[in-house]
Structures are given as C-alpha cells and as structure tokens.
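Residue numbers for the sequence shown follow the numbering used here, so the first one is 0 and each next one is one higher.
Calculated from the structure, these hints are not laboratory results.
Here the structure is a predicted model, which is why all the values come from computation and not from measurement.
Hints may contain errors.
Unchecked claim - Cβ-Cβ distance ranges computed for the label pairs, FRET-style:
#, residue 1, residue 2, range
1, G102, G206, 26 to 34 Å
2, L128, A98, 33 to 41 Å
3, S30, G87, 29 to 37 Å
4, V117, L15, 44 to 52 Å
5, P26, L297, 22 to 30 Å
6, L256, S30, 24 to 32 Å
7, L259, L15, 41 to 49 Å
8, S171, R204, 44 to 52 Å
9, L106, N268, 48 to 56 Å
10, S30, L52, 47 to 55 Å
11, N268, F293, 30 to 38 Å
12, G173, R204, 18 to 26 Å
13, G51, S80, 38 to 46 Å
14, V246, A98, 24 to 32 Å
Stated by the list, open to error - Computed cross-link-like contacts, DSS-like style, restricted to lysine-lysine with a CA-CA straight-line distance of at most 27 Å:
#, residue 1, residue 2
15, K25, K143
16, K25, K273
17, K273, K143
No residue lacks a Cβ here, since even glycine has one placed at the ideal position from N, Cα and C.
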Amino acid sequence: MPTSLRSSALRPPLTLRLAAFATQCKPRVNSLIVFTAMIGMFLAVPGWPPGGLMFAATLGIALVAGAAAAINCLVERTIDSRMARTRGRALPLGLISPAETLGLACLTGGAGLWLLNVAVNPLTMWLTLATFLGYAIVYTVILKPATPMNIVIGGASGAMPPVLGWAAMTDSIGMPALALFLIIFLWTPPHFWALACYRREEYARAGLPMLPVSHGVPLTCLHILLYTVLLAAVSYLPCTLGLSGGVYAALVTVLNLGYLWEAWSLWRNYSDAKARHAFRYSLIYLTGLFAALFLDRLL
C-alpha cells in the first residue's frame, strides 16, 4: 500500500478528531471560567440580565476560552507527553494533528470574538482578546518555562472572566468588577501551587520551573499560606463596595475558615495527600464564593 494511503487509513475519523479537539478546550476547567463570567453579568445589572445579551456574551467567552486552552495544549504537547497527568491528552496520543488543532482553535476563537463584537460590545471583545493573548502567549509561551513566578503574573488572565461578564452588561469596567478580578488573582497561585507540590517530580522531569521545583516545598507552602490570608481579606471587598450583603459575608467566612485551615495544615505538616486535598478545596472555595455572591443577590 502506498505511504499516503496507509497514513490516511491510520488517521482517526473526523468525528473522533473533533471530539479530541473538544477535550483540548478543557471543558471542565472552562466551566469555572464561564461560571464566574456569568456571575459577573448577574452582579453588573439590577434584576436579571437581558437573556439574548447574556447568551451571546457567555457563548463568545466560552468559545475564546476553549480556543486559548487548545493553544495551550498545542504549545505544551511535548511537555504533556512527559507528564503522567497529561500524557493521555489528544495531541500526545496522536488523535489530532498540531495543524488541525491550530486551525480549529483559530476558527473557534475567531467565531467567539466576532460574536462578542457584533452581539455584545467592542470593549468585551478587546478585553477577551487580551485575555486570550495573556494566557495562550504570555503565560504559556513566555512565563511558564521561564520563571517560578509564572502563575502569579500569568494569573491575571485567569482572573478576567468576571470583568468580561461585567463589561458585557455595562460596556464599562467598574470597581466591583476589579474586586472580583482581585479575588481570583489572589486565589490562582495557592490553587496551582498545591497542584505543583504533589506533581513536583513530573514538573521537574518536564523542565518547568514551578515554585516547588525551583525553591522547594516548604517555601511554596509558606507562599500558599500567605496568599490565602490575603485572599481571605480581599474576599470581603464585595461587602464594602455594596455588591453583596450579610448572606455572602456569612458564607464566605465559612469558606475562608476552611481554606485557611487547609493552608495552615499544609504549611505545618506537609504531605502530598494534604496538597491534593488543598487543591480540591480551592475549587470548592472559588465555586462556593461566586455561588454565594449569586445567592446573596437573589435573596
């Protein structure tokens, strides 16, 4: 059989390649991005946001976030093949080619930006484009392989979704939106550092200078504790800015006590099991915090 026909026969079918691309868009991770963006929309206006505008903004943000995740997988495909956590992704397995990933990411991201521009407002489109470039290029290509502070600087992109949601509804950026940005910005380092602690050997083999690899676990755990203290303090900004009331304050206090205990325990007596637990709790924390903001608004 000619080589071209043999390689064609070995290629996965189109439906499988499209499904592989969908997994590279990291739907579980991006569900939290979309969720926080939607809460930003709800908080930006009195009552319920306009349905059509909210749908267009949510879909546009989701498409661009998916494209950014796919570009991240494309850039890191060699690194992913060396790590147990990521070697089962579509690109290392050969389920989709780099060229196909790039093409589909451009189509997906372009469609999302077009939708935001024509159906939402140009400000949201430009902010979303900046977020895409910050994550896919500045963080993934430049910062992640270069500095152990990669997640601190690069975390700005991950903190943008509620700002995007706010801008989509108001065509502006207000102080409450910046408070929500600051909450996620301070949440991101302890969240990822906990993961990096129990995956430190994989990151070391991949040649990535994550903080536990470059400076050790004890210093990383101290940073996790300090950032968690700052996060707990900043989490009350929505109350001081009139964005939320007593319901949110009570719920976020419970969440803060739990997260502070996780960080303190990790610093005092580290184990990989505790790091895994802290990482999982961080997801509960952020989801619960934004759910508390929404519940407070409803009540």
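Please check whether L259 and L15 have a Cβ separation lying inside 41 to 49 Å.
holds (45 Å)
Falls inside 24 to 32 Å, the C-beta gap from V246 to A98?
The hint (24 to 32 Å, Cβ to Cβ) is violated, given that V246 and A98 are roughly 50 Å apart.
Would you check the hint for K25 and K143, treating anything up to 27 Å between C-alpha atoms as holding?
Measuring from Cα to Cα gives roughly 18 Å; hence the hint holds.
Range first: 18 to 26 Å. Now tell me if the beta carbons of G173 and R204 are that far apart.
violated (45 Å)
Given the proposed pairing of K25 with K273, does the C-alpha separation stay at or below 27 Å?
holds (25 Å)
Is the hinted range of 48 to 56 Å satisfied by the C-beta distance from L106 to N268?
holds (49 Å)
Per the hint of 29 to 37 Å, is the separation of the Cβ atoms of S30 and G87 within bounds?
Violated: the Cβ-Cβ distance is about 20 Å, outside 29 to 37 Å.
Is it true that S30 and L52 lie within 47 to 55 Å of each other by Cβ?
violated (21 Å)
R204 and S171 - C-beta distance against the hinted 44 to 52 Å
holds (46 Å)
Quick check on a hinted range of 44 to 52 Å for V117 and L15, using CB atoms only.
violated (33 Å)
Given the range 24 to 32 Å, decide if the beta-carbon distance of L256 to S30 lies inside it.
Between L256 and S30, where Cβ atoms are some 26 Å apart, the hint holds.
When you take the CB atoms of G51 and S80, is the distance between them in 38 to 46 Å?
The hinted range 38 to 46 Å holds for G51 and S80, with Cβ atoms some 43 Å apart.
Comparing the model with each numbered hint stated earlier shows that hints 2, 3, 4, 10, 12 and 14 do not hold.
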